[in-house]
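Trainee: Taking the hints into account, I'd like the entire structure generated from these sequences.
Chains as they are written, first to last, in the numbering used here: chain A, 1 to 502; chain B, 1 to 328.
The hints are simulated quantities; they were obtained by calculation from the structure and are not laboratory data. Predicted model, so just to flag it, every value in this text is computed and none were measured. Positions of the beta carbon are idealized from the N, C-alpha and C atoms, including for glycine. Warning: the hint list may mix true and false statements.
Label pairs and their in silico Cβ distance ranges [claimed, not checked]: (1) Pro466/A to Ile173/B: 56 to 62 Å; (2) Ala11/B to Phe115/A: 37 to 43 Å; (3) Val114/B to Asn66/A: 41 to 47 Å; (4) Gly139/A to Ile296/B: 51 to 57 Å; (5) Val112/A to Pro115/B: 35 to 41 Å; (6) Lys117/A to Ile168/B: 27 to 33 Å; (7) Ile296/B to Val260/A: 58 to 64 Å.
With a straight-line cut-off of 20 Å between C-alpha atoms, the simulated SDA-like cross-links for lysine to any residue are [what the hints assert, rightly or not]: (8) Lys287/A to Val269/A; (9) Lys110/A to Val177/B; (10) Lys82/B to Trp140/B; (11) Lys4/A to Lys257/A; (12) Lys120/A to Ser181/B; (13) Lys287/A to Glu336/A; (14) Lys120/A to Val172/B; (15) Lys120/A to Trp140/B; (16) Lys129/A to Arg182/B; (17) Lys195/A to His31/A; (18) Lys82/B to Phe134/B; (19) Lys50/A to Asn203/B; (20) Lys110/A to Tyr180/B; (21) Lys257/A to Arg489/A; (22) Lys120/A to Arg182/B; (23) Lys110/A to Arg182/B; (24) Lys110/A to Phe134/B; (25) Lys210/B to Lys195/A; (26) Lys210/B to His106/A; (27) Lys120/A to Ile173/B; (28) Lys195/A to Met140/A; (29) Lys313/A to Thr326/A; (30) Lys117/A to Arg182/B; (31) Lys117/A to Phe183/B; (32) Lys453/A to Asn259/A; (33) Lys210/B to Leu119/A; (34) Lys82/B to Phe183/B; (35) Lys117/A to Val177/B; (36) Lys117/A to Ile173/B.
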Amino acid sequence: MDNKNVLEIEGVDKHFPGVQALDDVSIDLRHGEIHAVCGENGAGKSTLMKIICGVYQPDRGTMMLNGEPLVVSNPNDAYSRGIAIIYQESSLFPDLTVLENIFMGHEIRKSVLPFLKVLKIIDYPAMRKQAGAVFERLGMDIDLDAVVSTLGVATKQMVEIAKALTFESQILILDEPTAALTSNEVDTLFETIRKLRDEGRSMLYISHRLDEVFLIADRVTVYRDGQYISTADVKDVTKDRLVSWMVGRTLTNLYPKENVDIGEVVFEVRDISQEDLLKNVSFSLRKGEILGISGLAGAGRTELAQAICGLTKPDKGEIFLNGKRTRISDYRRTLEQGIAYITEDRQTYGLILPMTLKVNITHSVLRQITNSLGIVDRGKETEITDRFVKQLDVRAPNGEFIVNNLSGGNQQKVSVAKSLAVEPQILILDEPTRGVDVGAKSEIHRIISDLAKAGKSIILISSDLPEILGMCDRVLVMKNGRIAGELSRQELSQERILGMAL
Amino acid sequence: MKRRRSITREATLALILLIILVFLSLTTSFFSQSGLYSFMLDVSPTIVAAIALGMVIFTGNIDISAGTISGFVAYTAGALVKAGVPMIVFVPAAITVGTLLAGLNGFITVKFKVPSIVVTLAMNMVHIGFYATFLPQSGWIENLGPRFTWFGRGRIFDLIPYTFVVAIVVAVIAMLVMRYSRFGKELYAVGGNRQSAIYSGINPDATVMKVFLVEGFLIGISALLRAMTRNEVMPSVFVGRELFFISAALVGGISIFGGSGKIIGAVMGAALVYLLSIAMIYYGFQDYYQFALQGIIILIAVFITVADFSKIRKRFGRRTRLEVAENE
Chain A
1 MDNKNVLEIE
11 GVDKHFPGVQ
21 ALDDVSIDLR
31 HGEIHAVCGE
41 NGAGKSTLMK
51 IICGVYQPDR
61 GTMMLNGEPL
71 VVSNPNDAYS
81 RGIAIIYQES
91 SLFPDLTVLE
101 NIFMGHEIRK
111 SVLPFLKVLK
121 IIDYPAMRKQ
131 AGAVFERLGM
141 DIDLDAVVST
151 LGVATKQMVE
161 IAKALTFESQ
171 ILILDEPTAA
181 LTSNEVDTLF
191 ETIRKLRDEG
201 RSMLYISHRL
211 DEVFLIADRV
221 TVYRDGQYIS
231 TADVKDVTKD
241 RLVSWMVGRT
251 LTNLYPKENV
261 DIGEVVFEVR
271 DISQEDLLKN
281 VSFSLRKGEI
291 LGISGLAGAG
301 RTELAQAICG
311 LTKPDKGEIF
321 LNGKRTRISD
331 YRRTLEQGIA
341 YITEDRQTYG
351 LILPMTLKVN
361 ITHSVLRQIT
371 NSLGIVDRGK
381 ETEITDRFVK
391 QLDVRAPNGE
401 FIVNNLSGGN
411 QQKVSVAKSL
421 AVEPQILILD
431 EPTRGVDVGA
441 KSEIHRIISD
451 LAKAGKSIIL
461 ISSDLPEILG
471 MCDRVLVMKN
481 GRIAGELSRQ
491 ELSQERILGM
501 AL
Chain B
1 MKRRRSITRE
11 ATLALILLII
21 LVFLSLTTSF
31 FSQSGLYSFM
41 LDVSPTIVAA
51 IALGMVIFTG
61 NIDISAGTIS
71 GFVAYTAGAL
81 VKAGVPMIVF
91 VPAAITVGTL
101 LAGLNGFITV
111 KFKVPSIVVT
121 LAMNMVHIGF
131 YATFLPQSGW
141 IENLGPRFTW
151 FGRGRIFDLI
161 PYTFVVAIVV
171 AVIAMLVMRY
181 SRFGKELYAV
191 GGNRQSAIYS
201 GINPDATVMK
211 VFLVEGFLIG
221 ISALLRAMTR
231 NEVMPSVFVG
241 RELFFISAAL
251 VGGISIFGGS
261 GKIIGAVMGA
271 ALVYLLSIAM
281 IYYGFQDYYQ
291 FALQGIIILI
301 AVFITVADFS
311 KIRKRFGRRT
321 RLEVAENE
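Mentor: Pasting the structure below:
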């Protein structure tokens, strides 16, 4: 790694209606380095990346590529200047093949008739050859004709990377590439990233996972609230330092778990089976307990949660609530019985994004706040909303605020608020802190801890091992649809969990 | 897996078509010169229009006014023929009218960010009103003569209508365009994932504008294929035709959600819709039944597309597991 800057960005401002997304932001990227970009949601990382890629235009500021001024007015300009962004897997076209995806918008074309230069057709053999060469170089064997929707998340990510490499990009921007990957897949990805660095490419690596930053990055730049905070060599900073830069204060405790007197068994599941997703799963949950469910992606954690909530129908199994056998047939009934499920995919299933906070928080309790004519009691609606906005410290001006305009962490709080509105005894949280920044994460953990203290029982499903270790009284480790083991708080360690999960 | 299934979807359709054909041939006089001729003659305009609508639907849009646009196309051709204009002029002129009217739909959709279903629904009503208010005799023109009908009624070997040849040529070109042109890929991209399309350097607005122009062009051809078989034109006979066009496309497996489907599906969908109504005519059902059947076919088609929409189920809970399983 030499110290030559390939990309220099200075004093960039970007204003959106109502927000100053970037305020005098700078970054420089050296030749052959992996440069991590950190910051909470709303810090401006994504906006900056989109400016580099030509999706947005900066209001002010200069960008230099290899010492020359860089102007990118659309994503194609960025590609042709050797800058590629690798979005999360969702940016592929599911119904098209790998090959079509890789070349979307940049198809190789040839003239079909020598005398008619305008008539160009897509040259499949040439595209196949080029894409094949890239996959070979990455040491990956991927069927170019496979339809993308049939691929796994990790493979999709590789397709995204291959897409960028096909254009011989010198600068790669990776936007949370590991968000949906399992730890094995992350290792493979990191290997690829290092290989690319050693080839002399430069990378901007955006991630919420600080551990990854220390594992993969050479330098790190932190933004906060649209402003540049600091840049440092990764070897010179500590995790605490980074966190304090990101949140602007020192976080005393990311896992504010309090000791709670754990009461009697309130909920018990016996022998739940569902196709080959779940096999004879049994467990119990006590009052005030935080029960973690860990395991690799695909181990059956979400399936278990959905089966016990009546969102899917298990083939067999019994559920006992407060010692009494209960039939769980659909989710409405589940809610009425005091069990609430908070989905991992809040954007798709948890919240109605274009609606207000008030609508979102109260729609699970509409029955309780409507009168006999079916008319909503506006006073109660506001009261419930205000109560939870205050309790969970949702950063929104008022209940009429549109959820879509909140940051990820605050959206997650609304999702929790919505479930709390039904006054559940048992809360099932599925990946509650995925994709939220470290500050919001700490707050969500505090909420979870407070709820347990208030006597609620909590099932916490998480891929984030430190979160499981930090928050849970007891942990079930799942593997291939079974419970592979159970660990008490005293027995908990990352190694033990992984040992059971793998 | 999905790939195999999508091939099966078109193959299933082909099989159903074959079964109906064999059945009709064995039990009725369908497999005769006149039976085949009239089938090919009737299905040609719908094949072209189903391709047109199919392309629009690929992008996640729709054109409810395709039927009434056809009426304008037919009227333009008829009026020009009456004025003594030769075919070399009235055909391009009529197609241009179709292209411009659909282009207007596209323009409003893109420029004012109104969903195309709203724009074209409104336009459909505007068109119908226009027929009655501004066209002499609501656009009815009779006695157009052989200068108008020679092409529509012409046939090769006394069997294959010229119009059918046109429809097949259009279908082949459309398939080549979808496979070999950047435009074809853009249609899927915009309908499949608009945001990613932008990130891939595609301008979705431009693509939508283009697809409406192409659709209008094809609707122009489709309307002429139908109009030129008759000695008179009457715009109002085209009102409601869009239902056939859209149902043909949907029956052909083109997803109403956009981003998925095949041109060959639209072609077979058109054939299926027609074969079923022909079958009903042969068996003596009345018009009303035919309409009801048409509706049921649309429902079944939409059901199939939704059932095929594995993303929904995948997202709903089983995502991780499925993907892991497929990875292994």
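Trainee: For a C-alpha distance cap of 20 Å, please report whether Lys117/A and Ile173/B respect it.
Mentor: It holds: about 19 Å lies between the C-alpha atoms, which stays within 20 Å.
Trainee: Assess, step by step, whether the Cα of Lys195/A is no farther than 20 Å from the Cα of Met140/A, and give holds or violated.
Mentor: holds, 13 Å
Trainee: Starting from Lys287/A, check that the Cα of Glu336/A is at most 20 Å away, please.
Mentor: holds, 18 Å
Trainee: Are the Cα positions of Lys110/A and Arg182/B separated by 20 Å at most?
Mentor: holds, 12 Å
Trainee: At the C-beta level, are Val112/A and Pro115/B separated by a distance inside 35 to 41 Å?
Mentor: At 37 Å between Cβs, range holds.
Trainee: For the pair supplied as a hint, Lys117/A and Arg182/B, confirm whether the alpha-carbon distance does not exceed 20 Å.
Mentor: holds, 15 Å
Trainee: Honestly, do Pro466/A and Ile173/B meet the 56 to 62 Å range at C-beta?
Mentor: Between Pro466/A and Ile173/B, where Cβ atoms are some 59 Å apart, the hint holds.
Trainee: Check the hint pairing Lys120/A with Ile173/B against an upper bound of 20 Å on the C-alpha distance.
Mentor: holds, 14 Å
Trainee: Take a quick look at whether Lys210/B and Leu119/A sit within 20 Å of each other, Cα to Cα.
Mentor: Measuring from Cα to Cα gives roughly 17 Å; hence the hint holds.
Trainee: 51 to 57 Å was suggested as the range; check whether the CB atoms of Gly139/A and Ile296/B agree with it.
Mentor: holds, 53 Å
Trainee: Does the alpha-carbon distance linking Lys210/B and Lys195/A stay inside the 20 Å limit?
Mentor: Measuring from Cα to Cα gives roughly 42 Å; hence the hint is violated.
Trainee: Taking only the CA atoms, is the gap from Lys195/A to His31/A under or equal to 20 Å?
Mentor: holds, 14 Å
Hints 11, 15, 24, 25, 34, counting from the list given before, are not met by this structure.
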